[in-house]
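Q: Listed below are the residues making up each chain.
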Amino acid sequence: MQGAFFNFSRKTIPVDWNLLITQLMNGLQLGLLLFLLASGLTLIFGIMDFINLSHGSFYMIGAYFCGTVVSVTGSLIAGIVVALICTFAIGAIVELVIARRLYRSDHLDHVLVTFGLILIFDTLVHMIWGAAGMAIPLPEILNGQLHIGTLVLPTYRLVIICSGLLVAAILFVLVTRTRLGMLIRAGASNRTMVEALGVNINKLFLIVFAIGATMSGFAGMLIAPITEASIGMGNEIIIIAFVVVIVGGIGSVKGAFFAALIIGLMDTIGRSYLDDLLKLSLSAEVAETAAPALSAMLVYILMAAVLAFRPQGLFPPAGSK
Amino acid sequence: MLELRGVETFYGSIQALFGMEMVLEAGKVTTLIGRNGMGKTTTVSSIMGIIPRERGEIYFNGKRIDGRPSYEVAQQGIGLVPEGRQIFPNLSVRENLLATAANYSNGNRESEGSWNFERVLEFLPALAGRLDNMGNQLSGGEQQMLAIGRALMLNPSLLILDEATEGLAPLIRQEIWARLEQLKQTGLTILLIDKNIDDLSRIADKHYIIEKGRVVWHGSSAEMAAEENLKSRYLGI
Amino acid sequence: MLPASNSGRVYAVLLILLGMAPFITSWIDQPFYLDLLSRALILAIAASSLNLILGYGGMVSLGHAAYLGIGAYCVGIPAYYDIYNGWIHLGLTIVVSASFAFLTGLIILRTKAVYFIMITLAFSQMVYFTFVSLEEYGGDDGLVIYLRSEFPSWLSMEGATALYYWIFGALVLTLLVIYRLVYSRFGRVIVGSKFNEERMQSLGFNTYRYRLTCYVISGVLCGIAGMLLGNFTSFISPEMMGWTRSGELIFMVVMGGASSFFGPLIGTSAFVFLEQYLPEIMKTINPSWHEYWHLPFGVLLVCLVLFGKGGIHGWLSRFDKDGDVK
Amino acid sequence: MTDSILKVTALNKSFGGIHATRDLHLEVTRGDIHAIIGPNGAGKTTLISQLSGQLKPSSGSIEFERKDITRLTTAKRARSGLARSFQITSVVMPLTLLENVMLAVQGTSGHSFRFWKPVKQDQQMVSAAMNSLTEVGLQDRADKIAAEVSHGEQRQLEVAMALAMKPRLLLLDEPMAGMGVEESQHMVDILKKLKEKCTILLIEHDMDAVFKLADQLSVLVDGHIIASNTVENIRANQEVQRAYLGEQHA
Amino acid sequence: QADSVKIGFVTTLTTPAAVIGEDMKDAVNLAIEHIGGKMGNLDVDLIMEDDGFKPDIGKQKTDKLVKQDDVDFVAGYIWSHVLLASMKSVLDSGKFLVSANAGPSKIAGKLCHQNFFSTSWQNDQTPMAMGEHLSKQGVKSLYVMAPNYAAGKDMVAGVEKTFTGEIVGKDFTKWGADAQLDFSAELAKAKSSGAEGIFVFYPGKAGGAFIKQYQQSGLQDVLPLYTVFTVDAIALPKLQGGNLAGVMGSKNTQFWSPDLDVAANKKFVGDFLAKHDRYPSFYAAQAYDSIMLINSAVEATGGNLEDKDAVRAAMKAANYDSIRGKYTYGNNHMPIQNFYLREVVEDDAGRWTTKIVDTVYTNHQDPYAADCAL
Ligand SMILES: Nc1ncnc2c1ncn2[C@@H]1O[C@H](COP(=O)(O)OP(=O)(O)OP(=O)(O)O)[C@@H](O)[C@H]1O
Ligand SMILES: Nc1ncnc2c1ncn2[C@@H]1O[C@H](COP(=O)(O)OP(=O)(O)OP(=O)(O)O)[C@@H](O)[C@H]1O
Ligand SMILES: [Mg+2]
Ligand SMILES: [Mg+2]
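Protein sequence lines, in the order shown, are assigned to chains A, B, C, D and E. In terms of the working numbering, the first sequence has 227 at position 227, counting the first letter as 1, and numbering is strictly consecutive. Residues are numbered in the working numbering as their position in the second sequence, beginning at 1, plus a constant of 1000. Residues are numbered in the working numbering as their position in the third sequence, beginning at 1, plus a constant of 2000. Residues are numbered in the working numbering as their position in the fourth sequence, beginning at 1, plus a constant of 3000. Residues are numbered in the working numbering as their position in the fifth sequence, beginning at 1, plus a constant of 4000.
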């Protein structure tokens, strides 16, 4: 199991390949989850120029709906299906009632309104489901582990990775191959023209917003069996999702995908190897306190660096200025 | 087929149209002529509902279309080739044509002569070889062709071209005129804006000259040719 | 310095009332109101400093709470080493917040709009995590500040009233500085750059330098608010500089009305008042609604944007034609 | 030899695939009104933006009063006597006309790191700004908000701001665009008067105005100057007629 | 003399941490019910405040309690930083402060105050008990995980103090508003470290999340779980809901357990269960005791709250029926009490709960008492 050695100046770290592969899978899983959140966010931001802080609320709502249905029916599939429909509907309502009126106003207004929405959603969830949070039981087969050679991976993590990749693939096909996708991209580059060519842009925006909400909700459903559904769970991750959007380039689904994977991997690898790396040059004491702080900062350092050198993000959508 | 009555349009507090009056007859080519900034594009935008008119009425096929959102206006059967072409730079040529293609039901015109992807390529062969190029990789002339093709994909009964040949080399310009004459043969109504008065008077039936947001003269090509000082008076020529 | 308009008169009266607040609160025997006011005024200084860049300069910072924290730690860390000299605290606050603003500003001011928001967030998060990891100074638990900054007796901060006058004085000074600044040559460049930076450059202004300077001034003013906050709460923890705090500062500015002198003061007062009394109100309606006070608060925020343009100040200045400078 | 105030040598600029300026040479004589005409998208605005520093050329050099300014920032060029107006009206909309012009005065009169004294109390600046407004005939509108005056007045304000910078070379990008007949005529008069104070590089589609004003005329097509000569010679030039003017202007 | 005793209770009622605050609130209400709404012959006037999980809001609410409501006692406080920010306001005004949870080392040591009392424990004690137990069991190597904040570090320091084996790996994970809840990377490291056991401290919802992932990684067979403040009455129902049986049989230490055989505890747990259909958490137990402690002082002084010295002496005596049984106060006013080893089991009604299996420490005093000048 102990494979090759990395040779640093004097000290060496043994590389445990099983561990490394496990960590890469973990990074992939986190990245895909971030992608589910960030792809909707980047579309809403890129096409409608709308900053939606409350995007994370759909993440929470998805998890709670799913949990409720699962606790009643006992079926995870039923929970996910019902919850997807519910988040789609709630996303559509938010667009119709609130977001729609604000597309043309200042970003500050967006921030203020959607922060208000976060408070409203959080409190409503508190009122309906209580403060305790909600566990979502997994079917027995998903609760176990998969053995591949000497590698042991939690089954459910693989499920998350597969669903994440699947949704990413569907989204990719949707955006690049379907008419809706063409319109979404066209709308991102020239909204007036799309409308002048007979497309009801309001409807298009409604659909995009609701799909974004649904994907966010789906991410919440996927993570909830691991971390459980809790109030404000979306607020914790939404800032990182925004970082993904900015690093990837606003409005770019491809950018969101790669940025999410980069950040997911970087975060996981940072958490698992940073202290060892720091110990090469610092005392164990210092490394132990510096590593967690530094790994928490990594995403922000990455974003600051990207903004300083490539202000439009890593993969800005084609044709944007 | 299209009628403007006393249309007044504002950009914020700046008035650009001061009571436009215009009538387009079905199957005819009508032009809108005037110097820079006189309100030609604004007239088009007002018809399309892109810049909502403040006062006045606009009728299309007898239906009132002012105050409607622009997608509804387009769905009534008006195809726009806008100033500056405005093709979607991040979509391929194929996608540019398909994205907004007749996604509305105008039952009666679905039949016989309706435009589809193949017919448009046949009509504009310049595009056929470049289907997978991105919009922003096309030359100006090709972009203009694409903009026309994109508008045709809506199956319009009225085609509006704003600055139809702006910035195009003479040869391409001739090509465009030829295509437009073909379209005229199919019975399409056309509203044309361009700076090449002589070419316009060749293919158009009727002309409107506008100055500072209102029509100052209108008449047929023959009448325009007859009036000696018309051009120098209104067009600075 | 006050515009001779109806809202101007309202604000003049407001300032005079604020100046007399310690007497009023002790007269009605409600010392807690003075605490509440002190906190509101400290936040008003911070919000005003944010307003200088956000309202007048068009630079939306989602990292301004970092300066509150820096200022407070500039009291807390010396105090940890038993250095209580107020001048040292003040000097340190100014030097540290100015240097931090300058160094990060060099990068931050290369960006615009949303990118500006995100990069300010990034830097403030870095500061946040740095202080979380500084175990020596309490890490996440924070630092207790045993004694207030020491100044000569006539300037002493001891006692609620004395501290209040420090805060009040700092607020008046901040407002005065911002007022003069905005109408000075420097301020005109900042305001002009907000609306049309390209044009300002072609008029001969190196806008980057002016904006950077403005950013530094704003950081220092907010740092001073932080120094007062440290003295007021006698405690500082990294939690006070998290990004949600920066977000709250933005709300205070926007709630009161951005780019108006008194907007931030109004906004912070409203914010602090709601934070304190909305739960009480909910509690009186139904004891078990205590924990749901975020709901009306959220609804209020949404309504404020959907229906109330220009914030609270905007409503007030509908009384007169000429409000404030843009 | 004539006294050339601006000399552009082998200038090139491309945006990704678009070659907007190609191997462009241009010389402007001090005291002239030098007009540049050419079709839309020929690269006129791009040229002006490179002269004033908003755009960095891909290659080539720009000399202003015999000094190489190719690498200077916009702000430095402005302070050394090069002012521009914008094709798309570019003023500070929420400020008054007077405040706008005062900014222009301020920009070229020393640094603005003065934090305390209100500009309105600076009599010298106020009167300098009023002078410029008077020159374009806007003196009565000084206290109006820029966003609330007519388009033509905004165009005049553009010119007033350029004037207030006391430039030695003024770059005007379609000052008459969107102006009515009388307003255009008025602008022609203003520019004629201005000619006594500074050299003007003028971009304009309004041929009447160009022919009335210009001493020298350059024709820009596809990023390249195809002809540069006196007005009469250009009008006679076959190539120019083909590329831009068409038969009518001959 | 006043005819009522005013008690301010500061806890967290909003944000996700509200789940703790609500448990405490329920316990406080139960305590007041048990004493019939009266302390001695004085009516109890209880004022609940929400600190919003923020130190400066906590301080503001405390200021209001002290200055405007003029309460006699301020109790509550879940979080160390909220307590540290608020304590000065209470103590400077000469009022009594009863911490129902937070017990940072500073307050036990250097910052101790004559008017400060705790009904909980000092942070180090519980993990010390766990370390002691592990050493006794002969566990040789341990992997340690905790959130990266002061209490997390205290917990790790505590177990390190008494654990004699080797600590083969240590992870501090991100905490705060955007706390890390996905521990996949750390669990993978722990597994490959070859340790004989894993010690964790994850309070609140992070605890449930940790346990799930522990089980999903299949670690229960290779890496036995030892916890402090992680597997509690808040986490267990949810773990049961998720059918995460991996937690069954895992060990943790605590000063108290719902099954502790003390009359007062039987009554508290029984009535709480009857009323809310769930076990009270240790937070609830401590909150209940804080009211009972105050009650004992009010009764002992005959309602004469003006006599601060008498009240203080009465509180110091801890002469009441605590849910943990009889305990005493050290010089720093932290309880000197027993610590038990508990195991996760299923009760007769099929609920998952904890059961005491051993007493690790009897009458244990925290290590910081020596730093306290009192
Ligand atoms: N977005 C706008 N905001 C303000 N004014 C505008 C705007 N667009 C056009 N205008 C003004 O409205 C008037 C009419 O402009 P319009 O674009 O309709 O002219 P046009 O006849 O199409 O000119 P061209 O031949 O240059 O295309 C002009 O004075 C112009 O300056
Ligand atoms: N920022 C840019 N990015 C990409 N291409 C650009 C950019 N700016 C201008 N261009 C292109 O460069 C060419 C020249 O543009 P420019 O604006 O200089 O033309 P112009 O001569 O001023 O035209 P007009 O008379 O319409 O104002 C055009 O093809 C234009 O599309
Ligand atoms: Mg036009
Ligand atoms: Mg131009």
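FYI, nobody ran anything at the bench for these hints, they're computed from the structure. Predicted, not measured: the structure shown is a model, and the values here were computed from it. Note that CB positions come from ideal geometry on N, CA and C, so glycine has one too. Honestly, I wouldn't trust all of these hints.
Said to hold, decoys possible - Here chain B is said to cover these stretches of chain A; the calculated rule only asks that three of the stretch's residues, wherever they fall, bring their Cβ under 8 Å from a Cβ of chain B:
hint	segment
1	180-190
2	196-204
Stated by the list, open to error - Lysine to any residue pairs mimicking SDA-like chemistry, simulated, CA-CA at most 25 Å apart:
hint	chain 1	residue 1	chain 2	residue 2
3	C	LYS2283	E	LYS4110
4	D	LYS3117	C	PHE2273
5	D	LYS3144	C	ARG2180
6	E	LYS4106	C	LEU2147
7	E	LYS4170	C	MET2126
8	A	LYS203	A	ILE93
9	C	LYS2112	A	HIS107
10	D	LYS3067	D	PRO3039
11	E	LYS4110	E	LYS4355
12	E	LYS4140	A	ASP109
13	D	LYS3120	D	ILE3088
Q: Which numbered conditions among the earlier hints are violated in the structure presented, ordered from lowest to highest?
A: 3, 4, 10, 11, 12, 13
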